[in-house]
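> Sequence:
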Amino acid sequence: MDTKRISHLMAVVVAAFFAGACGRARGGEVAAEAEAPLTLEACLRLAEAGHPAIESARAAIAAAEGGVTEAAASWWPRLDAQAGYHR
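Numbering (my numbering), first residue to last: 2 to 88.
Treat each hint with caution, since some may be false.
Cut-off 25 Å, straight-line C-alpha distance, at most; resulting in silico cross-link-like pairs (SDA-like, lysine to any residue) [claimed, not checked]:
(1) 5 / 83
(2) 5 / 47
(3) 5 / 16
(4) 5 / 72
(5) 5 / 55
(6) 5 / 82
Ranges of calculated distance between the beta carbons of each label pair, as one might list FRET restraints [what the hints assert, rightly or not]:
(7) 82 / 47: 50 to 60 Å
(8) 42 / 66: 39 to 49 Å
(9) 17 / 60: 11 to 21 Å
(10) 36 / 77: 53 to 63 Å
(11) 81 / 39: 34 to 44 Å
(12) 4 / 76: 43 to 53 Å
(13) 72 / 36: 13 to 23 Å
Simulated from the structure, these hints should not be mistaken for lab results. For every residue, glycine included, the Cβ atom is placed at its ideal position computed from N, Cα and C.
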């Protein structure tokens with residue numbers, strides 16, 4: 002998978018989690034009056050905090066970036082040295 006596709010997938014996962022978390026908050030127990038409403042930033046922080054799909058997507062991005070680095074290494078010059086002595 003390329004990095005753009007993984008980033009798009011991660012955004013979709015965050016949005017889905019955000020929609021589910023906000024839906025549960027409204028459909029579940031009645032929130033206390035003193036409790037402040039969640040902002041978008043707070044919801045995103047909650048969604049990113051250890052969510053398995055996001056952690057998996059981050060690992061996939063890191064693996065893809067490693068593959069790009071490895072592929073780019075073939076363009077750099079390579080120096081090999083060898084020495085020997087026979088009697």
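> Next step is simple, just say for each hint if it's right about the structure.
For each hint, the structure was consulted:
About 42 Å separates the Cα atoms of residue 5 and residue 83, which puts this hinted pair outside 25 Å; it is violated. A C-alpha spacing of about 23 Å is found between residue 5 and residue 47, which places the hinted pair at or below 25 Å, so the restraint holds. For the proposed pair residue 5 and residue 16, the alpha carbon gap of about 16 Å is at most 25 Å, so the pair holds. Proposed proximity of residue 5 and residue 72 is supported: the alpha carbons are some 18 Å apart, at most 25 Å.
Of the pairs offered as hints, the one joining residue 5 and residue 55 holds, with about 15 Å between alpha carbons and a cut-off of 25 Å not exceeded. A C-alpha spacing of about 40 Å is found between residue 5 and residue 82, which places the hinted pair above 25 Å, so the restraint is violated. Distance hint for residue 82 and residue 47: a CB-CB separation of about 55 Å, consistent with the stated range 50 to 60 Å. Range check, residue 42 to residue 66: Cβ separation about 26 Å, and the 39 to 49 Å hint is violated.
Range check, residue 17 to residue 60: Cβ separation about 19 Å, and the 11 to 21 Å hint holds. Taking 53 to 63 Å as the suggested C-beta distance range, the pair residue 36 and residue 77 conforms, at roughly 56 Å. Separation of residue 81 from residue 39 is about 59 Å and departs from the stated range, judged on CB atoms against 34 to 44 Å. The supplied range of 43 to 53 Å is broken by residue 4 and residue 76, whose beta-carbon atoms lie about 19 Å from each other.
Between residue 72 and residue 36 the beta carbons are some 50 Å apart, a value that contradicts the proposed interval 13 to 23 Å.
Violated hints, in rising order: 1, 6, 8, 11, 12 and 13; the structure is consistent with all others.
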